[in-house]
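J.: Listed below are the residues making up each chain.
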Amino acid sequence: MLKPAIIEALQQIVGAANVLSEPEEKLVYECDGLTMFKATPDVVIFPASTQQVAEAVRLADREQLPFVARGGGTGLSGGALAVEGGMMIALTKLNRILEIDLDNQRAVVQPGVVNLWITQAVSAQGYYYAPDPSSQQACTIGGNVAENSGGPHTLKYGVTTNHVLGLEVILPDGRVIETGGPAEDYPGYDLTGTLVGSEGTLGIVTQVIVRLMRKTEAVKTLMAVFESMDDASNAVSDVIGQGIVPAAIEMMDQLALEAVEAYIHAGYPTDAGGVLLIELDGLRDGMEETAARIVDIARQHRAREVRVARDDRERELLWLGRKRAFGAMGRISPSYYVQDGVIPRTRLPEVLRHIRDIAARYGIRIANVFHAGDGNLHPLLLFDERDPDQRERVLQASAEILRVCAAVGGSLSGEHGIGIEKREDMPLVFTEPDLAAMQKVRAVFNPRNLCNPGKVFPTPGRCVELGPPVTEKVVGGVRIERF
Amino acid sequence: MVDASKVIEELQAIVGVECVQAMTSLDAYRVDDRAPWAVVVPGDIEQVAAVLALAHREELAVVPWGGGTTMAMGHLPERLDLVLSFARLDRVLEHEPADLTATVQAGITVAALQAHLGSRRQWWPIDPPLSAAATVGGVLATNASGPKRLLYGTARDLLIGLTVVHADGAISKAGGKVTKNVTGYDMMKLYIGSLGTLAVIVEATLKLRPLPPSQELVWSIFTSREAAAATAQRLLSGGLLPNAIELINPPVTAWLRQTLDGPEGSEGWSLIVGIDGAEAAVVRQRRDIDALSQAGGAISWWTGPDDGRLWQALQSRFRPDGTARMERIVIRVGTVRTQVGAILDQLTALATRVHAPCELCARFGNGLVYGGFPLHGDGQAPADLAQALMEIRGDLASKRGYLVVESAPPSFKARFDCWGDVGSQAEVMAGLKRAFDPRRILNPGRFVHHL
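Sequence order for the protein chains is A and B. Counted from 1, the first sequence has number 113 at position 113 by our numbering; the numbering is strictly sequential. Counted from 1, the second sequence has number 361 at position 361 by our numbering; the numbering is strictly sequential.
Bear in mind the hints are in silico, worked out from the structure with no lab data behind them. Each residue gets a CB set at the ideal place from its N, CA and C atoms; glycine is no exception. Heads up, some of the hints might be wrong.
[As the list claims (entries may be wrong)] Here are the simulated EDC-like pairs of lysine to aspartate or glutamate, each with C-alpha atoms no more than 20 Å apart in a straight line:
1. K220/A <-> E279/B
2. K173/B <-> E424/A
3. K399/B <-> D103/A
4. K399/B <-> E99/A
5. K440/A <-> E427/B
6. K156/A <-> D157/B
7. K440/A <-> D168/B
[Unchecked claim] Every beta carbon over 12 Å from chain B, so not counted as near; a handful from chain A, in silico:
8. L27
9. L116
10. R304
11. V308
12. E316
13. S333
[As the list claims (entries may be wrong)] Label pairs and their computed distance ranges (CB to CB):
14. R286/B <-> A218/A: 15 to 21 Å
15. A383/B <-> Q439/A: 46 to 52 Å
16. A254/B <-> G126/A: 36 to 42 Å
17. A124/A <-> G308/B: 37 to 43 Å
18. A48/A <-> V283/B: 53 to 59 Å
19. Q12/A <-> A383/B: 55 to 61 Å
20. G297/B <-> R304/A: 52 to 58 Å
21. V283/B <-> R96/A: 40 to 46 Å
22. L76/B <-> A218/A: 51 to 57 Å
23. Q12/A <-> E46/B: 54 to 60 Å
24. S123/A <-> R415/B: 48 to 54 Å
Here chain A stands alone, though its shape is the one from the complex (with noise of 0.2 Å):
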């Protein structure tokens, strides 16, 4: 419980409206999009400005109270939540665009802003964000930041980091600094660079530059329809090897096609193995050219079909299928878990299959929707949250593929984080020495780990607990519900 004290400095700080401390009013603050953990802070405070923010936090470093940011909630993997209870900081208030400059192609907005509000102020004028993450309708910019936030079109224009020039943050003890610019290659340590995918854990981002691209004046989407999932895995090894580089390749397997049809209606086929979704964007010129290419590398592969978008609507209902994917898995199951590891993307098609053997041995459905250009995995493993049998064995199914991605030299997470789920596994990637250097830089920023403590390293002296399910674990005070 806090000292009263300190919710009535944070209603001197955000005004009494803008501070909840009763438990029902903080529900939906327990958790964020990854709804198998739960913890909820003491006080949930709703600032308005980057100088509210700084007291909040000045007051938390002084009374060594944790605090944790949050958006809009969408996160997967546990960044936002209040694991040892405390203050969070609810940055849905700070939510204005400031400044846009077509000229320099740059934005200047607040960390609540919503990632598609940016394109939707300069898709008139001819321009765009570009990263766009499945959530961009819900996610904030502030939350992109701290995730360093992907989305299908990351394959040939990168993620979030590449796009984030400058930033304001908050330090955690308060003291406001100002990294990046509007301007390239600013002298001294790229802290911009250093912040964006921190979780949160080194400060508390109010202000953000980003960059704006120039929509290209042409784009092409095709579907390509396979029998198996390794031909449709060759035919994006293949099409890249080739020296094409489109600007997204998107894969759905047969569950994740069915479930997408009986939510979107997009035109997917519900009968095929496998279905890859390419864009190309860019000059017109030229582009039949390539897009035959495709066609053609597809054919070797055996598709079956190659479908080109005839005009926007069907381009947009192709994507809107995909963009809503994860969604649609209610319509399959009660519950779905989605693993976001990554590969390199010559080893698809045996991981592919060791996922199927994973399935089959745990006995749950697995549906694949995931970005194949970039090689990053996102199993949808479904099952019904009633069921404790079930929940265990989809977490030890997860923790198997993660073994997988990490053996084939690959990662642990491609665009969601590590916050809470994964902490634990870290060390299949990363030596001590490894995690040793990142600490550094979190002691620098955060000595007092009092901003977003409990998120991306592993416990020590602990070791994942995967045990018997558990339905509630009381830590720091704090319930903390697992599955």
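Once you have looked at the hints, place chain B on chain A.
T.: Using the frame of chain A, we list chain B on its own:
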């Protein structure tokens, strides 16, 4: 006091007698006004680690040395004992074309890497100055780039994994071998451009691109800076996808034309645009750029294949070889693209004021301007240059731009802050240096705020 002969013996035991140079003139490894007393050439990562552990124990100042092309960068070294040469760590370790990735040792030159990748029709899309000598490790440590960053980005966009050796000899890696990865902190960003002051880069995994089937240059000449800049801006807001847009002033134009083919006859400001891609796309872009240039008032133009020579020649003008005699002071200004014209005018006016010719090259799309100011015959900088640069720096800072001196003779560096102030970030940066290199053995004094 360090017992040099004992240290040399220990170094010899680590890397072999033939891989330690000492007790001889090491002027070729001079950094500004200091020369090391030993040059060590390790043959693997473990040897690098052992050398650093020794340097750490004895508190010896170490300069990691790749091709030596950027040694003029930064403040005067505070101390210099050992040069750690990467001459033997120059191999491609892995190249998987279908993954578009390669893992290399830090000492491989960019030219050797591109030749290797080129045999499989791929490249690492970075075109730094002096690429025949510049190494991958050096490019990363100095965040070097070239004209094609406009389309392809810089090291921070094209590096996916890194192995470093820390000041105390610990070996750690960051990132991995996959092109998309958010597992743990992005430590690579911290090491890129840190001038080897936090850790020593020993291996890197790079993100590659296919070599474009066709590459061309379109070079137009304008009578005024305004006309050239306006054309560049129109080009960027049109639908084209140039890989480079460089705007260069009349003295550099004249020099380039003596060196290479180019537009005939006229004097003026050059706009040189690079294009690449499928043949059809290149033909279309060339046509559109010609039309834009002519509409913008170009007085002559030239088109030719881009074989890399022109960009290398242009960049060499602004990246004096660190080991050669210093002939000019080179500065870099960073600002937003719409301010580039004003900066070019300011620097031109400055040159008149200090009675020195100046050579200017703007990487227009990225808002970067390189300026070269020749030194007098006695090696001294023009009088008042430092003062004039300080004024421009102050002006830029108010608009969140910056000015750094990339190379200058020691006499100039002794009274000019090469990097300028890093503002509110200073304490964090100093904290990082303390955490990673508490004994200050890695390039001490050379980076921002003399870290």
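J.: Tell me, which hint numbers fail for this structure?
T.: none
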